[in-house]
Amino acid sequence: MSSKEYESYYVPAQSHWPIIGAVALFLIAIGAGKYVSVLKTGEASWGGYVLLFGIAMIIYMVWGWFSNVINESMAGKYSHQMDNSFKQGMSWFIFSEVMFFAAFFGALFYARMFSVPWLGGEANNAMTWEVLWPEFQATWPLIKTPDGTETTAMGWYGLPLINTILLLTSSVTAHFAHVSLEQNKRPQLKAWMWATVILGSVFLYLQVLEYQHAYADDMKLYLDSGIYGNTFFMLTGFHGMHVTLGTVMLITMLVRIYKGHFTPENHFAFKAASWYWHFVDVVWVFLFVFVYVL
Amino acid sequence: MTTEAIHDSHDNHDGEHHDHKMTGIKRWLLTTNHKDIGSMYLWFSFIMFLTGGAMAMVIRAELFQPGLQIVDPDFFNQMTTVHGLIMVFGAIMPAFTGLANWMIPMMVGAPDMALPRLNNWSFWILPFAFSILLASFFMEGGAPNFGWTFYAPLSTTYSNGSTAFFVFAVHIMGISSIMGAINIVVTIMNMRAPGMTYMKMPLFVWTFFITAYLLIAVMPVLAGTVTMVLTDTYFGTSFFDAAGGGDPVLFQHIFWFFGHPEVYIMILPAFGIVSTTIPAFSRKKLFGYSSMVYATASIAFLSFIVWAHHMFTTGMPLFGELFFMYCTMLIAVPTGVKVFNWVATMWRGAISFEVPMLFSIAFVILFTIGGFSGLMLALTPVDFQYHDTYFVVAHFHYVLVTGALFSIYAGAYYWLPKWTGFMFDETLAKAHFWCSLISVNLLFFPMHFLGLAGMPRRIPDYALQFADFNKWVSIGGFAFGLSQLIFLWVVIKCIKGGEKAPAKPWDGAEGLEWTVPSPAPYHTFETPPKID
Chain A
1 MSSKEYESYY VPAQSHWPII GAVALFLIAI GAGKYVSVLK TGEASWGGYV
51 LLFGIAMIIY MVWGWFSNVI NESMAGKYSH QMDNSFKQGM SWFIFSEVMF
101 FAAFFGALFY ARMFSVPWLG GEANNAMTWE VLWPEFQATW PLIKTPDGTE
151 TTAMGWYGLP LINTILLLTS SVTAHFAHVS LEQNKRPQLK AWMWATVILG
201 SVFLYLQVLE YQHAYADDMK LYLDSGIYGN TFFMLTGFHG MHVTLGTVML
251 ITMLVRIYKG HFTPENHFAF KAASWYWHFV DVVWVFLFVF VYVL
Chain B
1 MTTEAIHDSH DNHDGEHHDH KMTGIKRWLL TTNHKDIGSM YLWFSFIMFL
51 TGGAMAMVIR AELFQPGLQI VDPDFFNQMT TVHGLIMVFG AIMPAFTGLA
101 NWMIPMMVGA PDMALPRLNN WSFWILPFAF SILLASFFME GGAPNFGWTF
151 YAPLSTTYSN GSTAFFVFAV HIMGISSIMG AINIVVTIMN MRAPGMTYMK
201 MPLFVWTFFI TAYLLIAVMP VLAGTVTMVL TDTYFGTSFF DAAGGGDPVL
251 FQHIFWFFGH PEVYIMILPA FGIVSTTIPA FSRKKLFGYS SMVYATASIA
301 FLSFIVWAHH MFTTGMPLFG ELFFMYCTML IAVPTGVKVF NWVATMWRGA
351 ISFEVPMLFS IAFVILFTIG GFSGLMLALT PVDFQYHDTY FVVAHFHYVL
401 VTGALFSIYA GAYYWLPKWT GFMFDETLAK AHFWCSLISV NLLFFPMHFL
451 GLAGMPRRIP DYALQFADFN KWVSIGGFAF GLSQLIFLWV VIKCIKGGEK
501 APAKPWDGAE GLEWTVPSPA PYHTFETPPK ID
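Those protein sequence lines, which keep their order, are chains A and B.
So for the first sequence, my numbering puts the first residue at 1; every next one is plus one.
So for the second sequence, my numbering puts the first residue at 1; every next one is plus one.
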């Protein structure tokens, strides 16, 4: 390939999308900053509006930017090497996402292996326990915090198990869709993509049900219910946001498939969406094991 | 088949190659050109350097004599915090990214960065992020005042009203860093000219390659850390609160898991720069090229398993203290390899002392001093004495100012003729070097003794016996701050004109960037060069 690799590397001369994206992120940052700052006092602020406007702007930016890229790609301006740049870029982006989740898993493991047992007097912390919170029982899930907040643990049987099956199945259907695309079997491709999108959406719906269940009076599992509720909601919450984004990606791919985009050789966007989907599935497997089961 | 890179614009879809340089502000806002973006990064970082430097001047003015005289302690805390944040995220890191943007495509024979639009986005996020950070000075409660390390509970329970803005500013500068790093990695992996194998890449490219990996790995962890600070402060979580089952020490673990690789993010590119300049002015090949590559990779790997050496006094199991002490000391081995190789490169070389070389030699000596004080701090029992004293301040300013910053100056002087097409004023530049060298040592060297004698860092007042040294430190600080204005003068003068620079102004210089004319044309290597 090396002789062909430099046939043409497309370098756009200028683009207004990045600066729109930068302004959008600025608005999101100040909007969210203001919104969160006055959350406790409850006073009215411009924060929420600016935040929403920033989000709308970034959606507009993504839409316009990706339209440009799709048009350039459809016009045949991209090369094999360009495709590699996109693929490598996407892989490293997913790696950065993995590290983001790693921070929260790190917090979970630290709480389970160190901070909670130490608060219960383990290692050389007998005095911490006796002097600070002698009533405290170190258990995991931590259903009663040292300062006495009580909650209930979310079981793994039921919704979480169904969700695991749904998401793992969706990873398989996404893979079959990819295989169908590579073999140019368009009807099968559409069917498998529909299946994946539906599985992903049902997963999200069940997550919403689970959250409602958690926040109901019989469970009292809240975001601020101590370290168990913190890690539970932060991990599943960020995962849910990523599944939402992944589902949006998949729906976009489905629309593009109906528009006749992608060829067996040339379908970077599809690959990227599918990689992203597999990534959220793998994160879920870790979540299921360490947040729900163990 | 054309063998050219296609430079295209959305307004003009003819696919032919033109010099689509726009004029005025639009050129800078919309550009996808790695040289434009590199220049913007470099200017931005210098503006931030002067901003953060002004805050350092306030700190040194307050510490000029004992007692509280100029600012109140809370404002002093804001100064130390924002000085640190700006210098790390606003000055050193963008300066390196700027150098990477300018030089890597030229060094590997690529037409541009791999993802040019993303490159523009990465840059333009930064001015917005730092305006938020600086705007927090004018908010209720003032700017962040919990130290650049924003330890919980200072940043959670006891933080002031602007913490949410701090968190989101860090979020978007993190997005910028990650995208910039992805671009560097992809450019190096995918855009090398045919024949440019990994082990033929200039060491400069290698160090940025490894640095970019570190960035992609740890910036998301920083994002996670600030997110937990945000939810602890505003949403009632207790990640860093023992009453809810968390632990403030957890903050330090997560923060330093980011923070220690971050330290190498700020020094590995410096290694790359001096590994370029020292061979050029010694007129010899770099000694031990492959050992340099492996040493860089080893340092990067070790940087992930040494984070808790920042926490020896915080408390952890004895095994942890020993593990992190030994791992930290191990870093001295690859670093020693590097220092040895730089010295061996100069050994029996035909050395000439142009300004880039002066900064490089100063780097080798002064960075090594910073490295040795680091080795002292690595010893757990000794660190119990040094922790949170001016000894630590001296240590990290030796590696960051006389290390990272001096290397950036070495690189800037080395490539200025390539960027501007003119030679810089050698006399002025030498004045910049000597003023900086003398004042920086007056500024930071006595801090070692202050720290050993027990002066704590981050406190606006001190005991009387530290007064003399602090006076000299402050004088050194003001002199160093003023000396940096000479650099600004040199650069502006060099942009405006001067002696025409040939394609290769340094006779010992090697690399593809010297095969193109000076100033480098707007587009370079649209046809990949031949590498033997």
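Hints are computed from structural coordinates only; laboratory data are not their basis.
Just so you know, not all the hints are guaranteed correct.
Claimed, not checked - Computed list of lysine-lysine pairs in DSS-like fashion (alpha-carbon distance at most 27 Å, straight line):
1) B:Lys471 with B:Lys504
2) B:Lys504 with B:Lys284
3) B:Lys21 with A:Lys77
4) A:Lys87 with B:Lys496
5) A:Lys259 with A:Lys190
6) A:Lys271 with A:Lys185
7) B:Lys471 with B:Lys21
8) A:Lys87 with A:Lys185
9) B:Lys493 with B:Lys504
10) B:Lys530 with A:Lys77
11) B:Lys21 with B:Lys430
12) B:Lys504 with A:Lys77
Okay, the hints, checked on the actual structure:
With a CA separation close to 45 Å, the supplied pair Lys471 of chain B and Lys504 of chain B exceeds the 27 Å bound. Using a Cα cut-off of 27 Å, the hinted pair Lys504 of chain B and Lys284 of chain B holds, with the two alpha carbons roughly 16 Å apart. Taking the CA atoms of Lys21 of chain B and Lys77 of chain A, the gap is near 20 Å; set against the 27 Å cutoff, the hint holds. Among the hinted pairs, Lys87 of chain A with Lys496 of chain B is inconsistent with the structure: their alpha-carbon atoms are about 42 Å apart, more than 27 Å.
For the hint linking Lys259 of chain A to Lys190 of chain A, the alpha-carbon distance of about 11 Å falls within 27 Å, and the restraint holds. The straight-line distance between the Cα atoms of Lys271 of chain A and Lys185 of chain A is roughly 16 Å, inside the 27 Å bound, and the hint therefore holds. The suggested pairing of Lys471 of chain B with Lys21 of chain B is violated, with an alpha-carbon distance near 51 Å, which exceeds 27 Å. Restraint check for Lys87 of chain A and Lys185 of chain A: the C-alpha separation of about 23 Å stays at or below 27 Å, so the hint holds.
For the suggested pair Lys493 of chain B and Lys504 of chain B, the alpha carbons sit about 20 Å apart, so the restraint of at most 27 Å is met. Distance restraint check for Lys530 of chain B and Lys77 of chain A: the Cα-Cα separation of roughly 24 Å lies within the 27 Å cut-off, and the hinted pair is therefore satisfied. Between Lys21 of chain B and Lys430 of chain B the alpha-carbon distance is near 35 Å, which puts this suggested pair outside the 27 Å criterion. For the proposed pair Lys504 of chain B and Lys77 of chain A, the alpha carbon gap of about 35 Å is over 27 Å, so the pair is violated.
In terms of the numbered hints stated before, the structure departs from hints 1, 4, 7, 11, 12, listed from lowest to highest.
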